[in-house]
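Q: The chain contents come next:
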Amino acid sequence: MNTPILLEAIGIKKYYGKFAALGGVDLTVRANTVHSVIGPNGAGKTTLFHMLTGTTPVSAGQIMFDGHDVTHEPDYRRVQRGIARSFQVTSLFLSLSVRENLRLAAQGIAPTKAMNCWHEPEGPRSCAETVASVLTKLGLESFATVPAGNLSHGQQRRLEVGMALAARPKAIFLDEPTSGMGIDDLDDMKSFIKSLRDEHTVVLIEHNMSIVMDISDIVTVMQQGRVLAEGLPHEIRGDDRVRAAYLGNMITGGKA
Amino acid sequence: MNIYLLQIINGVGIGMLYFLLAVGLSIVFGLLRFVNFAHGAFYLLGAYFCYQMTRWGLSFWLTLLVVPLAVGAVGWLTEKLMLRHIYATAHEFHILVTVGLALAVQELVILQWGPLGDNVAVPDLLQGVVMWGSFVYPKYRLFVIGFTAVLAVLLWYVLEGTRLGSAVRAGSESTEMVSLLGINVFRIFSLVFALGAATAALAGVLAAPIRGAEPFMGIEALGVAFVVVVVGGMGSFSGALLGGLLIGVVQSVMSTLWPEGARLMIYIAMAAVLLLRPHGLLGRKE
Amino acid sequence: MKKNTHLFMALAVVLIMPLLMHSGSLASEVLIFGLAAMGCNLLLGFTGLLSFGQGIFFGLGSYTLALTLTRWPLPMPLALALAVVMGALGAVIVGWVAIRQKGTYFVMLTLAFAQMFYFIAYTATGLTGGDNGLLDIPRPSITAFGQTLWPLTSPWQFYGFVATIFMAAFWLLLRVSRSTFGRTLLAVRDNEVRAGAIGYNLKLLKLQAFVISGAVTGLAGALHAMMIGIAPLANADYQTSEMILVMTVIGGTGNLFASVLGSAFYLLLADWLSALWPRWLLLLGLVLMAVSLWIQRGLWGLGQTIGARILGKRGQAIVAATVPGREGEQA
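Chains as they are written, first to last, in this note's numbering: chain E, 1 to 256; chain U, 1 to 286; chain Y, 1 to 331.
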């Protein structure tokens, strides 16, 4: 695929004291692709996400998104640039309803409106259209008024993704969106993520190889804080170094 | 005798008491991760139990032993019966339950002993001054410095050299890991909380002959303990020592230069530390 | 109907107190501290910020009103407005600094600031009268074109004045709590990290909450000074901050009307018991412990639970509906 480059990360390093969680990572993500990041545990995948989305600041390196240098921008500023993420460990507003969770996420791209202490977020201010469309896409319409804390694990994982979607982002970062999901939910989630490619760019951390191999356009493999290999799914599948990193038995499943 | 030398020695004496007062608060925060607003109440109880026991004719030396044990038991019960049930809830309620406890204890003290406060006599053995050339200094205050120094060494040994101490230090890093290692974390919580209460009470006992027992000394002590713990580093033993001595000496020296300013300065120091280096001088970065 | 329930409840309290109580001063006090507790609740119940510094803004309000009515005589409405502004300004300063830290460090910062303010108030005797406070604060009547419209001399006349201001402030705060801003604060309280991750500038949100809280608390302080005729040092004390917090927690966090309940509970209990038993604070300490351990939604939550039990399933829905913004929450 040769769509324009949307995200370019150069030489990303992250140190926690003397420990190098990321030792210099380069990543290029093209628009309207599904770009998967895989690797054994401790490879630094989630740390890389934190750097790219601004959750945690980098120790060194540069991040260019959509033509802007966002390296030193905190996470809330990057949301306005068009970056949104979901979390590996579900992080919702548990005491608030599903609809309210999504409204907040949708409102987040125009945060100055959140300073309005006079008007209620009803009617034209309720982001109703976005919320309704996300609810439909996730199949959560009948749970709109349920507090997020009362949802099942699978439903919560879907809402996690929904929170990122509600921001109508250019790039959506999904951190293990299917973790803990049952088989029924898995297939739905797989085709759902694949469908996102039309309107968004998807950067995906996943352990489930059938998903990675089936829907990714590009796969980046990480190990111990660095990029080990990068290429098309079938190339990665056959790569000896990747096999060695995974001890040869993780790359099963999928059609590629 | 040089007045500044005198004030510095006074400061060391006060500082050691501050250390004893604050070390329990600091370790409790390091392990249980919340600030015990009832800590001053344990100090208060220490002073008043000491007063009561000396009124019954018991020796001061006995109170030094018995009172910390008694108040430690109160601390143990507090943790076991009350605090343990709300660890899972929002941290505001941990703080608020101890605020309520402090209030209740203060009122109970006034109920029992009246609102005016009482004096506690310095034990006979330690009355009077030491004279050494031109160096004149009250015996009791020297005793306090010596006694708390010995106690500091003892505490340090417990923390660094015993299995219990290792469990406490490990628990301050990760309670999950400690419990996975098969150690009953809750029992350690109770013990540590009891130890915190006991050391605060001991500080109260030692302070009683110097300044008497008075119902509002708990709130005052709490304020100082907070400053010492913040400046020294929350969760750090040596931080409590350094912080205590620093605050004690500063306060003492300032009392000759600018008395009102002394208290203002220590709270400015507290705010500055919280902003620039929240883990304190010797605390561990989170 | 559902939208205005809380407003009507507040109005009911305001109208019932003169019928049931003897002391106009006590009734005014309930409303005054109700305002202060609401200010505290905006921080604690809505934003998740435990502030021990509310006494700063309360004290600032008292001192400002005293100075503007005695030393540089300004018309009373202007004096009140200035007290509100000073409360807000104090909150900007304290808030801007304190917000830089989170959790326990934030709480300790508010404590440090409260202590600093107390000692400044104690030593700046020129401005604050130090230990004595500022005395002889007048209670000017409301006039227009030289005609006295509303004298404020008797306690119940003053109560009418306080009640009007209270209802206006309550209505405004209710609007704030239901606004986009208020709803965003609830998200900050629930999961601060996620709120930041979905695009909200946490520092700005918290600061605005502080400013509103400071303004309301300053107003309460000013009214208090007018009521008792003094701006005492005690208004800036740790005890005042603690008292406001206690009222807020006992009433119930996250609900503005609950703060009025908390204030009424505290003050009426004090009035009733303190004559019988000087150590009534012991009871209060125990109540605070009980609420923190078992009844964390305070008197309001207790009322909701009892109401739901009595009314049965249909009642549960009605009761749940009286909580703004929390659709679907079980009573």
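These are calculated hints, taken from the structure and not from any lab test.
Worth double-checking, as some hints may not be accurate.
[Unchecked claim] No more than 25 angstroms apart at the CA atoms, straight line, and that leaves these computed lysine to aspartate or glutamate pairs for DMTMM-like:
{"no.": "1", "chain 1": "E", "residue 1": "113", "chain 2": "Y", "residue 2": "190"}
{"no.": "2", "chain 1": "E", "residue 1": "18", "chain 2": "U", "residue 2": "220"}
{"no.": "3", "chain 1": "Y", "residue 1": "102", "chain 2": "U", "residue 2": "260"}
{"no.": "4", "chain 1": "Y", "residue 1": "3", "chain 2": "E", "residue 2": "120"}
Q: Look at each hint and say if it fits the structure.
A: Hint check:
| no. | hint | in the structure |
| --- | --- | --- |
| 1 | 113(E) to 190(Y) | holds (20 angstroms) |
| 2 | 18(E) to 220(U) | violated (42 angstroms) |
| 3 | 102(Y) to 260(U) | violated (30 angstroms) |
| 4 | 3(Y) to 120(E) | holds (12 angstroms) |
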